[in-house]
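Undergrad: First to last, the sequence lines map onto chains A and B.
The opening residue of the first sequence carries number 1 in the working numbering; numbering runs sequentially from there.
The opening residue of the second sequence carries number 120 in the working numbering; numbering runs sequentially from there.
No lab work stands behind these hints, which were simulated from the structure alone.
As a list, the in silico EDC-like pairs of lysine to aspartate or glutamate whose alpha-carbon atoms are at most 20 Å apart:
hint: 1; chain 1: A; residue 1: K43; chain 2: B; residue 2: E164
hint: 2; chain 1: A; residue 1: K43; chain 2: B; residue 2: E165
hint: 3; chain 1: B; residue 1: K216; chain 2: B; residue 2: E272
Here is what each chain is made of, one letter per residue.
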Amino acid sequence: MANSNGANSELFETLRLELRRGCLILAVLAELRTERYGYTLRKALADGGLEIDEGTLYPLLRRLETQGLLVSEWREEEKRNKRFYRLSEMGEQILQQLLEEWQRINGSLGRILQEADRI
Amino acid sequence: MSKTSTQRTEELLDRYLQAVRFWLPKAQQEDISAELAEDLHSQIEEKEGELGRSLDEEEMSAILKRCGSPIVVASRYRPQTQLIGPVLFPIYEFVLKVTLLWVLIPLFVVIVGPAVILPAANRMGAFLQILSTLFTALIASTVAITIVFAVLERTASKCNMLDKWDVRSLPAVPKQSKQQPSRTHSIFELIFGVIGFAWLLLVPHYPFLLLGPAANFIVPGTLWQTYYLPMVVLSFAGILHQAVSLARPQWTWLPPTARLVVTILTLALAQSMIRAVGHGTGPDWHPFVAVAPGIADSAQAVKVAAVVNVIALISVLATCLGLSIATVKQTWDVLRHFRGPSNARNVALLRCLL
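Based on the provided sequences and hints, a complete structural model is requested.
TA: Shown next, in the form of structure tokens:
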């Protein structure tokens, strides 16, 4: 029984991470409509209810920058060098498309869940 | 001079960043570690602001521990690399299994092994040599197959190889996964088995059935007497499995398994016969047939007997080769029977690729 619970929670964790992955990209792109550096971005996401650790965020930022969705620059602030990120022009277009897709999926899922509740 | 608490926590941070840097791609080491250091400094500052004092070693360790082990943190910055990806892996596994388990090992066990070990003076030495050669062959094949698939992995997507497929070229679905043998086929097998068995039982009483007209001046040799009983037993075992297969057609595992067992036993018998033939030499060499006692024109009879013995030996050698091939094929049948048609998908994929 204990093993079964352990396996269930492990499975849930895997599925949760899968579900979260795409949402995180959307959230990061949305937050970077305003220029931020890594730590403040993490704070902003956490304040919005999406906790993300540094080991996940920074590799994601690098990937998005490589894909041309973000631009970054090193600048000194409060006597420390910080890397500031913001959405690129292409990033803005892609974010717009992704948000539309997100609305569509969200709406579909809502309808599917309502139908399932009626049955 | 002892270090201050701040110096010790700074040292821990430096050690952590150095460990992360070690696992990062060289070109990005400084950039990534600087960014990570900035984040960690911000976390430390915030925590120190909350506590109103500098962090101690325990608190610093807790922050770094939560950040993750250096190798895991560094690994997240690297693109996910796989030697063989999930698309090609089932085909790779299938090819590896076929090559190692169904070709190399049976080849060594059934053909190469007996051919090297049986005639060797030092059989244990020959056995160990074969074992070492088999091991080398297994490793070399695995490496070669892995290299081919690793290259394929890196070129297949570029050449759009996986898109070049046609649904009509896929293998047909088997009508019945564990097809029962045809009843007519089983009946005929049984009839011929019984006829063969009866023939074998009659041969000692009527040598004409074995030797034809030559039975007037040659008789079965010593080998015949030694191996007659095992041959009768094997022949009877063949009839028995054919009869049971006919009576219990739902035991679909029986025909391929029994056929394999009978083939292996017959092969062992034939090999033992070849070894026994090798022991005799010179004018007394008449293992299969000998000149009948009291024959007047014995020179002519000796010539005929010698020719028959050589032909019989060649026949047994050919039988050995045939049985070796049959053993490999029947082993495959048995494996396929017990595993079912689960590899059809892999074969289909393989066909699409080739």
